[in-house]
Amino acid sequence: MESALRIPVLETGRKSCLHCQTEYSAQSNSLFCCKGCETVHFLLKGRGLDQKPKAIQEDLSYLDDSEFVQSYATHESREMLFYLEGVHCAACVWLTEKLPDFCPGVEFLQLNLASGVARVRLYESGSFAQAAREIARLGYRPFPVKQGQSDELRKKEDRKLLIQLGVAGMLSGNIMLLAVALYAGASGALAELFKWSSFILFLPVLFYSAVPFFKSAWASLRVKQVSIDVPIVFGLAVGTAVSIVNLFMGSDQIYFDSLSTLVFLLLSTRYLLKKVNQHALNSSEWAHFLAPAKAKRFIGHSSKTETVSVNLLRPNDLIQVLPGECFPVDGVVVQGEGAVNCSLLTGESALVAASPGTAVNAGTWNQHSPLIVRVVASGPKTRLNRILASVESSLRSRAPIVAYVDRVGQAFVVAVLALAVLGFFIGLFVSGVQEGFQRALAIAIVVCPCTFALATPLAISLSIGRAAKAGILVKGADVLERLSQVRTVFFDKTGTLTVGELRVSHWDQFSDGAAEALMALEIRSAHPIARAVQRYFQGRFEWLPEVEDFREQPGKGVSGTIRGDRFEVRSHPSLDQTVSTRVGLFKNGVIVGAMTFSDVLREDSKSSVDQLKAMGLHVGILSGDAGGPVQDVSGQLGIQPGNSFSALSPEQKAEVVKGSPFTLMVGDGANDAVALAQAHASVAVQGGMEMSLRVASVYSSQSGVRSIPALLVLAQETLRVIRRNLVFAVVYNLVGIAVALSGRLDPLFAAVLMPLSALTVFLSTMAGTGKLRRAFR
Amino acid sequence: MSETSVARKETYSYDDDIVKMFLIATLVFGAVALLLGVFIALQLANWKLNLGLQWTTFGRLRPLHTNAAIFAFAGNGIFAGIYYSSQRLLRTRMYSDLLSRIHFWGWQAIIAAAAITLPLGLTVGKEYAELEWPIAWVINIVWVIFGFNFFKTLQIRRERHMYVAIWFYIGTIVTVALLHVLNTIQIPVSFWKSYPVYSGVQDALVQWWYGHNAVAFVLTTPFLGLMYYFLPKAADKPVYSYRLSIVHFWSLVFIYIWAGPHHLLYTALPDWAQTLGMVFSVMLIAPSWGGMINGLLTLRGAWDRVRQEPVLKFFVAGLTFYGMATFEGPLLSIKSVSALGHYTDWIIGHVHGGALGWNGFLIFAMTYWLVPKLWKTELFSVRMANAHFWIGFLGTVLYMVSMWVAGITQGLMWRAVDASGRLVYPDFVETVIKIVPLYWVRALGGTLYLFGFVLLLINVVKTVRSAPKSEKRETVSGLGLADSKPEVYAGKPHRMLEGLPGVFTVLSLVAVLVGTFFELAPTFLSGEFAPTVVGLKPYTGLQLHGRDIYVREGCYTCHSQMIRPLVWETKRYGDYSRAEESIYDRPFQWGSKRTGPDLARVGSKYPDLWHYRHMMDPREVAPGSIMPAYPWLFKGKTDFEIISKKLSVMKSLGVPYSDADVENAEADARREAQAIADKLISEGADPKTAEKEIIPLISYLQRLGQDYKKGAIK
Amino acid sequence: MSILFLLLPVALLLGFGFLFAFIWGASGGQFDDLETPAHRVLLPDSTEEFKTGEKRHV
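Protein sequences, first through last, are from chains P, B and W.
Counting in our numbering, the first sequence runs from 335 upward without gaps.
Counting in our numbering, the second sequence runs from 23 upward without gaps.
Counting in our numbering, the third sequence runs from 12 upward without gaps.
The set of hints was computed from the structure by calculation and includes no laboratory data.
All C-beta atoms, glycine included, are put in the ideal place defined by N, C-alpha and C.
Treat each hint with caution, since some may be false.
These stretches of chain W come out as covered by chain B in the derived footprint (C-beta under 8 Å, 3 or more residues) [to be verified]: (1) 12–20; (2) 25–31; (3) 34–45; (4) 48–54.
Pair ranges (Cβ atoms, derived) [what the hints assert, rightly or not]: (5) Leu935(P) x Asn408(B): 18 to 28 Å; (6) Ile307(B) x Ser1037(P): 22 to 32 Å; (7) Ala749(P) x Val589(B): 52 to 62 Å.
Simulated pairs of lysine-lysine, DSS-like, Cα-Cα distance not exceeding 30 Å [unchecked claim]: (8) Lys494(P) x Lys638(P); (9) Lys549(P) x Lys630(P); (10) Lys395(B) x Lys484(B); (11) Lys432(P) x Lys255(B); (12) Lys715(P) x Lys809(P); (13) Lys395(B) x Lys609(P); (14) Lys174(B) x Lys490(P); (15) Lys432(P) x Lys484(B); (16) Lys494(P) x Lys174(B); (17) Lys638(P) x Lys809(P); (18) Lys549(P) x Lys395(B); (19) Lys609(P) x Lys398(B); (20) Lys803(P) x Lys357(B); (21) Lys174(B) x Lys489(P); (22) Lys489(P) x Lys259(B); (23) Lys608(P) x Lys259(B); (24) Lys432(P) x Lys395(B).
Using the sequences and the accompanying hints, generate a full structural model.
Here you go:
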């Protein structure tokens, strides 16, 4: 355990063991009073002894930055939400909720196991960074979550809807029992007692629980629209009026039970829909869960740096970017020599040399040595974000199918109102006001807007939820529909169809000792070819010769002198590059060994391509690599040569994608960004999630293309379920209205029929189709 | 933030002594209840076991058995569970140890009082509410003390979220308070005798509104609470669906209070009330089975351990019996099924399926899990516990099956009508003799269950004796909630009462006040509630005193006074009973079991001498009868002095006695008694019969059902 | 059956009592998180269980 760990000293001047609360001497710096406690503690946590949490070096001091706290904390900046990676059981709950015991300044930590989000409340003296560091020490990596007002509001709103639901439930339950007494023949003074009691009980249902319906109906009417809540409100109003009149006139035709049950059932479907949606949305909102990009900013002109959140960087700030890190902002290199991989923007996988004065862009990767950069533009103003912003707006639009269903809903609602009025006059004509009201009421109640209001969005949310569970993040409702229209599928080769790493296919040694020399040289470089060599020769040699004067030219190769001979590794025109990449080892200019690399296919690529072809889709490859490897891969996959294009720059890839309609682009979120953004629909299988989710409409955390066929099946089946619901709704409503018009439908029976139809539509949506269920076991 | 900032931690310890006390009381009174059960079961199988003594006769011991089983055994059991689980769920010690002790000793005092008064015949005569008014009031007070202590503990809790078990306990405390108060509103005649305010059909509805909800809120909701705490702890698995447990709690409590009428199907209750009762009861399957399914599915992944561990076996069997009983109940609430099952032993099978299977097994599971934890040692013998399970299981099944067979056999025999429309079994005793063997099987089942219980006692005693004597108090540390009030009131301008706990304390007090108000103003209230029927004469003083003897001897435990409007019943007993006939009956004696025939129209069906000899020795006039003899009615002197006080109390309750009736009540009664006695003495009865208690009883029995015959009521 | 003039109001009083409790609970956030309580109840209550760590199955 860390030596410099501080644990609060109790009044008794001793410390209390984290595990068993017995007190032990303050001098000892361990977190536990004894070895036993420490072992049991970790056993209890189900992590086993060997996985003692390695201290996470991540620098969390940015959490205390006043600006950051301002935007992330609530409750007068004393409470913040953290997404804890790795919480999974009761012991995690117990462990994390003991935070206040050994991290003074923390008032309480409340963990929600389902979402993995912990609420941390501090005293005035507390610090979020300290709390986060303690949590990290326990082994759970904390990510601050942008709580903002929306979550707080959403929680208040959820509670309000739950209370409205509870009130409607309790009251409709009791009103229904009073109604049963009346149907069963209660008479005289008691019948009056029951009628008036049910009226009094109905008032809160009408004026409190049914308010959401009134609000949304009023809002839509004000905008000259007719939302699906309008017939509900119409039914409620008519029903209440009729019942009150009958109540005062002493007749038995009172419908408080039907109306209250109607409100209760509609509220419960709305509550259910909200919960299902929230669950589905949560998983696709992962992006903003992840920590914002961080940068190390120099404080003034000193050489010390502080970790700061990216959106706090201002122009002319100096930041340090280490090798392997991504440039968070656009800027100019001030100090340091290195190489930058700008494949994301330019599509060139070759490295670009960087020296003081060269401009660098956000999203590009620093390869070799640390650089110091002066900030030119940050946040939304960087070139990358500007491109992505344009792409993102297109993704935000509502799914056409939902818009279409809404339009049908509009027409449907207007028709219902007309029919209700018609029903009133027929009833009036046939026997009188009473019958007229009864028929109008029956029509208003029997009509079921559930398909438009509930089933279509629910079907889509459920599918998004199902995909999310399988680790596939579908970004929006419209994406599913576009996926269902896909005709052709283009794959990026490296990293998507193939494993993406260069593998040594074979090595010819012309003179002995060449292998040791090659390994000695390549061991020092991080270039993909070097890594392939290291993997190939791993563990072959006990000793490696000494190398002096080692130099690495980015994009060219490496060289060094071993025992006086000059060895060089570079590609050589004599070796043909057509089929696969070949590299030669030269000793003082003479070739002593040649090594060929090839890219290996993933095992699931073949089966997935066959499945797609079986589904009648055209399959093609778009790759920046040379023609040879591309032909080799498309041959293995059985793709016609005409459909696979090679040596394409990202812009050219985008052109090809744009050219053919209804295409699905599957590729690497980082370097196929532009093509992914342009395609009709796109799946990012590689690259950072945050970057991919910005450009692609779907991000799959499963590597390889295994999930593509299942995703397309999901999309097609979801659309089939929506169409099936629409047909059911039309038939149900036509029959319902016809019977109601003829007067043979009693409002109570209508009040039972309508929720039943809502339930059927709901169950049919939940069940989906057999194919859908098989695709997503 | 300085290194030495002191962590704001409070250390406290749970009050486990109160849990031990209640647990021991549970085991002691469990033994009492089961012994009584076996004893009275044997009495039914062989009447000689009534021993001819008034204190050991079935009529007086059956109420003692039911009160012991429900309030002493199950009552103490839920208190032990509530005290243990609430403190851990709320992460705080009980608000006041003193109040806990007062609750404990008060409750045991009530049980002791019942154990004394019931065998002496001091009873109100309403099922499961037999305890006379002084004890009833002690129950109210002790219950409110328990409620107050519980709600104050809620207020100072350290765990913000209230686990579902806590909600079940809250439901129990509040509803039982209200139920008990409303059903025990009685006007005292003397220290040990009182008349309920309601009469006839009103009393019937309030009684069974209380009767069913006592079953619901004493034998179901607290046990569901215990299940939701102890089952996850024993199985070390989270409950299957916490959301379902919340939904089924609220759906239970919001509308539960309508139950009751299904005990009165085909009686003089208005038809619509019966239909309402039926609809409501069938609807009850949903919340009940919600609980069972949630419990059983909690064991997913731990089913292999059910083979070795007795605790899980008891839980699984208990939950299954709960599912069975709560399916059988709604089934019995359907009118056509009730026509067959009502008044027969089938009902007893249903009751004991729930009591032995669900309540018993859950208490055993809790005990086997709790004793090792409380006394910090291993259970003495797991094999013995497993043996207890199998013996107890067999006993329960034998009990239920024998009662099903007996009930359905008797039900079918009662209704058997031959082609010409005459009853196939006109003589009631035939239907009794037929099922006596099944009473033996039931007694065997009960004995097995008792034997299993004895194994539990041995196991617990041995475990406790082997416990280490270490007195180190087990301390726990926890953080006091910054504001013990839920944050909803933190910023609220109008400060509500201290949140939920405060509110419920008030609610219970309101319930008690409502009760006292009704208690103090009977005349105003009862007058309006007791409609008088023109021409119907109330009981004479002697008959009223005879009725009280009927109530004292617990005749209602075997006889009903309610002829149902069914063909075979009107053929056997005469025209069906009207509600008006029992408007002066305080308490109503419609009864719920026909071990003996219905007595609603027994008046003047047999001569006085028949009754005289029948009460002396039933087998003399009805060979084969299993009714016990009542020799003490021929020794005890009638207390004529109290009769006028009884009439004045009845008058204050709205019964149309004139002042003259009250004035010379004693003289009238003595004259009437003498008239009956003279006739009996002429036929060879003991010369001093006039002053014996048999006379008022005969005068009451001969009056039963007479009002209808004389055309007083259409 | 005039007793219902007493029984019905009392029944509804109790019903509303529980409704009020529901509203107090819901607005107090008792039903916000219905996943974690099921696990939190399994936590070892007292230090004894911590010490031995293993759960003594009976």
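Hint-by-hint comparison with the structure:
1. 12–20: holds (count 6)
2. 25–31: With 6 residues in contact (Cβ-Cβ under 8 Å with chain B), the coverage given for the region 25–31 of chain W holds.
3. 34–45: Our answer is that it holds, as 9 residues pass the Cβ test (under 8 Å) against chain B, meeting three.
4. 48–54: holds (count 6)
5. Leu935(P) x Asn408(B): 18 to 28 Å: 59 Å, violated
6. Ile307(B) x Ser1037(P): 22 to 32 Å: Given range 22 to 32 Å: violated, Cβ gap about 50 Å.
7. Ala749(P) x Val589(B): 52 to 62 Å: 56 Å, holds
8. Lys494(P) x Lys638(P): Distance of about 51 Å is beyond 30 Å: violated.
9. Lys549(P) x Lys630(P): Distance of about 50 Å is beyond 30 Å: violated.
10. Lys395(B) x Lys484(B): Roughly 15 Å between the alpha carbons, so the hint for Lys395(B) and Lys484(B) holds.
11. Lys432(P) x Lys255(B): Between Lys432(P) and Lys255(B) the Cα gap is close to 20 Å, so the pair holds against 30 Å.
12. Lys715(P) x Lys809(P): Holds: Lys715(P) and Lys809(P) sit about 24 Å apart, inside 30 Å.
13. Lys395(B) x Lys609(P): Roughly 40 Å between the alpha carbons, so the hint for Lys395(B) and Lys609(P) is violated.
14. Lys174(B) x Lys490(P): Cα-Cα ~28 Å, so holds.
15. Lys432(P) x Lys484(B): Violated - the C-alpha atoms of Lys484(B) and Lys432(P) are around 38 Å apart, more than 30 Å.
16. Lys494(P) x Lys174(B): Holds, because 28 Å separates the two Cα atoms, which is no more than 30 Å.
17. Lys638(P) x Lys809(P): 41 Å, violated
18. Lys549(P) x Lys395(B): 56 Å, violated
19. Lys609(P) x Lys398(B): 45 Å, violated
20. Lys803(P) x Lys357(B): 50 Å, violated
21. Lys174(B) x Lys489(P): The given pair, whose Cα atoms are some 29 Å apart, holds under the 30 Å limit.
22. Lys489(P) x Lys259(B): With a Cα-Cα distance of about 29 Å, the restraint between Lys489(P) and Lys259(B) holds, given a limit of 30 Å.
23. Lys608(P) x Lys259(B): The hint holds at about 29 Å.
24. Lys432(P) x Lys395(B): This hinted pair holds, its Cα atoms lying about 24 Å apart.
Against the hints set out earlier in the document, violations occur for numbers 5, 6, 8, 9, 13, 15, 17, 18, 19 and 20.
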